[in-house]
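Since the structure of chain E is provided, determine the placement of chain S on it from the hints.
There are 2 protein chains.
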Amino acid sequence: MTEQNIQDLRKIVGSEDCYDDKAHLSAYCYDATKERKYPECVVFPHNEQEVSQILKYCNTHKIPIVPRGAGSGFTGGALAVNGGVVLALEKHMNKILEIDMENMVARVQPGVVNMQLQKAVEAVGLFYPPDPASEHYSTLGGNVSENAGGMRAAKYGITKDFVMALRAVLPNGDIIRAGKKTIKDVAGYNIAGILIASEGTLAVITEITLKLLSKPKYKQSAMGVFPSIQSAMNAVYKTMASGITPVAMEFLDNLSIRAVEEKFHKGLPIQAGAILITEVDGNLPEEIDFQMSKIKEKFYENGASDFIQANNEQEAANLWFARKNASPSITIYGSKKLNEDITVPRSKLPELLERIQEVSKKYSVVIPCFGHTGDGNVHTNVMVDGSKPEEVEKGHKAIEEIFKITVELGGTLSGEHGIGLSKAPFMELAFTQEEMELFRTIKKAFDPNNILNPGKMAL
Amino acid sequence: MTEQNIQDLRKIVGSEDCYDDKAHLSAYCYDATKERKYPECVVFPHNEQEVSQILKYCNTHKIPIVPRGAGSGFTGGALAVNGGVVLALEKHMNKILEIDMENMVARVQPGVVNMQLQKAVEAVGLFYPPDPASEHYSTLGGNVSENAGGMRAAKYGITKDFVMALRAVLPNGDIIRAGKKTIKDVAGYNIAGILIASEGTLAVITEITLKLLSKPKYKQSAMGVFPSIQSAMNAVYKTMASGITPVAMEFLDNLSIRAVEEKFHKGLPIQAGAILITEVDGNLPEEIDFQMSKIKEKFYENGASDFIQANNEQEAANLWFARKNASPSITIYGSKKLNEDITVPRSKLPELLERIQEVSKKYSVVIPCFGHTGDGNVHTNVMVDGSKPEEVEKGHKAIEEIFKITVELGGTLSGEHGIGLSKAPFMELAFTQEEMELFRTIKKAFDPNNILNPGKMAL
Chain E
0 MTEQNIQDLR KIVGSEDCYD DKAHLSAYCY DATKERKYPE CVVFPHNEQE VSQILKYCNT
60 HKIPIVPRGA GSGFTGGALA VNGGVVLALE KHMNKILEID MENMVARVQP GVVNMQLQKA
120 VEAVGLFYPP DPASEHYSTL GGNVSENAGG MRAAKYGITK DFVMALRAVL PNGDIIRAGK
180 KTIKDVAGYN IAGILIASEG TLAVITEITL KLLSKPKYKQ SAMGVFPSIQ SAMNAVYKTM
240 ASGITPVAME FLDNLSIRAV EEKFHKGLPI QAGAILITEV DGNLPEEIDF QMSKIKEKFY
300 ENGASDFIQA NNEQEAANLW FARKNASPSI TIYGSKKLNE DITVPRSKLP ELLERIQEVS
360 KKYSVVIPCF GHTGDGNVHT NVMVDGSKPE EVEKGHKAIE EIFKITVELG GTLSGEHGIG
420 LSKAPFMELA FTQEEMELFR TIKKAFDPNN ILNPGKMAL
Chain S
0 MTEQNIQDLR KIVGSEDCYD DKAHLSAYCY DATKERKYPE CVVFPHNEQE VSQILKYCNT
60 HKIPIVPRGA GSGFTGGALA VNGGVVLALE KHMNKILEID MENMVARVQP GVVNMQLQKA
120 VEAVGLFYPP DPASEHYSTL GGNVSENAGG MRAAKYGITK DFVMALRAVL PNGDIIRAGK
180 KTIKDVAGYN IAGILIASEG TLAVITEITL KLLSKPKYKQ SAMGVFPSIQ SAMNAVYKTM
240 ASGITPVAME FLDNLSIRAV EEKFHKGLPI QAGAILITEV DGNLPEEIDF QMSKIKEKFY
300 ENGASDFIQA NNEQEAANLW FARKNASPSI TIYGSKKLNE DITVPRSKLP ELLERIQEVS
360 KKYSVVIPCF GHTGDGNVHT NVMVDGSKPE EVEKGHKAIE EIFKITVELG GTLSGEHGIG
420 LSKAPFMELA FTQEEMELFR TIKKAFDPNN ILNPGKMAL
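Order-wise, the sequence lines are chains E and S.
Note that numbering that gives the first Met the number 0 gives residue 97 to position 98 of the first sequence, counting from 1, and the numbers run on in steps of one.
Note that numbering that gives the first Met the number 0 gives residue 370 to position 371 of the second sequence, counting from 1, and the numbers run on in steps of one.
Please keep in mind that the hints were generated in silico from the structure rather than gathered at the bench.
Heads up, none of these hints are tricks.
Identical chains share a label here; the pair holds if one copy fits it or two copies do between them.
Straight-line distance between alpha carbons at most 27 Å, and here's what the computed DSS-like set of lysine-lysine pairs gives:
id, residue 1, residue 2
1, K210, K295
2, K237, K210
3, K55, K443
4, K118, K293
5, K403, K210
6, K210, K293
7, K218, K295
So that you can see chain E by itself, here it is in the shape it has in the complex (with noise of 0.2 Å):
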């Protein structure tokens, strides 16, 4: 970029709002990758038609430019890899526009922090699910990108199931609206469904529509243990075709147990093949009772050496607490962390896991496990040492042949965090070239320039 390319840029969004110097481009130089690819320009744009002045400005002169939320995505999908011009969104686009309570429906932009919606609809009794782990920093914008998922997931679906509309920017400048407020809407080709998971390769997002639901009044967890991940892993599949729908059903294995167990101290079963945490929801006591009746059973069928019920709030958070530091315990494995976000049909879980533990004896690698198994999903972790190269080769290696598996088993490379940059050498495995081609023909098609966010996804 230019010196006059960056001065043209400050007369569509201020001085205040767009910045070469180094102190900014630091600060947008990285996400939850850890890798670090500088941009030669940050832009804070302030509406719709500042990111339409923008882009049309970036397509004229082919710079390539990146759309940003809050950075925390883990593929590397919001970094500037060709450097160019950041487009951070978080700073002024970052408004819940409306909550339409008649017709259950908040209209956002993609600035919004996913908590800072859930905790607005809350407020007035209704429910927004998608809650991916970053929902206290990731941005709504993001989530559509990405088409984020989280522990509700296996009720309540993933981030694409609550997009009703989007306002968009494309490359060329243009602003298009793609669905309605309504739950019908058949008219046109759906360009909201194509947007949704394209990580911002194909247009700027630039309003949300969501689809927002009745909060329910009730809920409750429990926690089964298991001798083995294969018992627990058949609990999850025969619960969740035995009629029921848990809000979540989430697992950690072995390994997991005894990080948490060693960080917090906490009187985890260190024992245990896996234990599995769980949670239902309802509006009247009686569903909650039989919901968690059904899920005991199957738990116990299926080898459950114990079932514990939360009974109030405070339990059920102890409870949880397993679950949400298996991320940050595991480190003690290792110091790089090579984590995927797998997923293959539920009633693939038991052999998955099994030949995840192969593949850790096989390379010697500690993987432990954990995830939304409601869903199919597991996060693997391949930890190993990051100050030795041939260390991290290895790791590198099982995560393939880990990927491989996955496909092989009907499964896909990820479930929730997108291909980005670190999948990117993987697509091949899971599509033909046929694919390929039709993603680079549908890449073409949107952005010609191929401007917007470039070199991800293996385009």
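Frame of chain E; chain S shown alone:
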């Protein structure tokens, strides 16, 4: 098409499955719009490989090709407006390939009739909710291509909410997969998302993977009688916003009630301004009672004069009779029905219905309305004497005005029927030039030779 073209296609599918005789061309020239557009050839492929070969051939020879299920669409989606080939999928590609109990997923070919799947999964305790009025004859391929809704959409959503994965053939013959048998999958662009509701203009769907639910154990129906449409519409959205979600919330206006009564003498409340017919379901009797009492409360609060609960299946069938027979009954008002499936945000229903009444007066046309008000979807029926061209023209003017009102109220031209031919002239009411341009860019990306279902959706 030349004789050589027909012979070449015959080589692909066999002589028993490729026809250009008058009987076949007549049998495949219509749909539910009652328009007739004759193809030059009808082909019945046996499998995906043949579909691929046929598309490749048509693409090379630039022959239009129109995929077709049951031909039950309301907007001309299956009509061969430019001649060419009708690709009829209902004859051979009509198998349920798998009902996977463990993952609660069904895999079907596009020619499977909706009700065939509903029955098959209910026989094993599972549930496929989308229930378009055409459920007894429309195919799942057509349901996906038009993103069909139905009565149960208020609680369960529409076809797109159940599509987990598709296999499809692109116009160039490439076979692609989109999506997985997993609840979460964010690898690559959401191709399934853009194929749903694309009305056969982007690809030919050859296999559909659908999410299933477990079948709720209990259900109950009820009817509310209201003095005016406005009081009924208020009751609809106040009920939906009260925290419970009925399976269905259907309405009939006075004209529709009178029409059914005149035809069938069922003792319906012909003085009522409107009736609402609703159903709730659940796994516990307590859930049913809770939801019913809430609905009753909201109905009476909003002016209902009567509330009748069904105590058994026979009573429920009686309540639903009026709704299920509304469409065939209103023909008493005119030989030609200009039937549109507009949809608005629920809170706009009272205003929409009020303004439709004004249109009715302005053009002196009778416009009975009924439909799926639980999701804001109203079937408006402008009834005219089909033998009088000036009447038909008046009807079309009324429809155009209703479309304008709908868009003004934040609604959509089509909640479930699609655009096809019949709504194509109204696309510019709903979409900007930039949005239409984007649709055309996408069409061109998938189908550069414009062979797939050309002439539809105003592309």
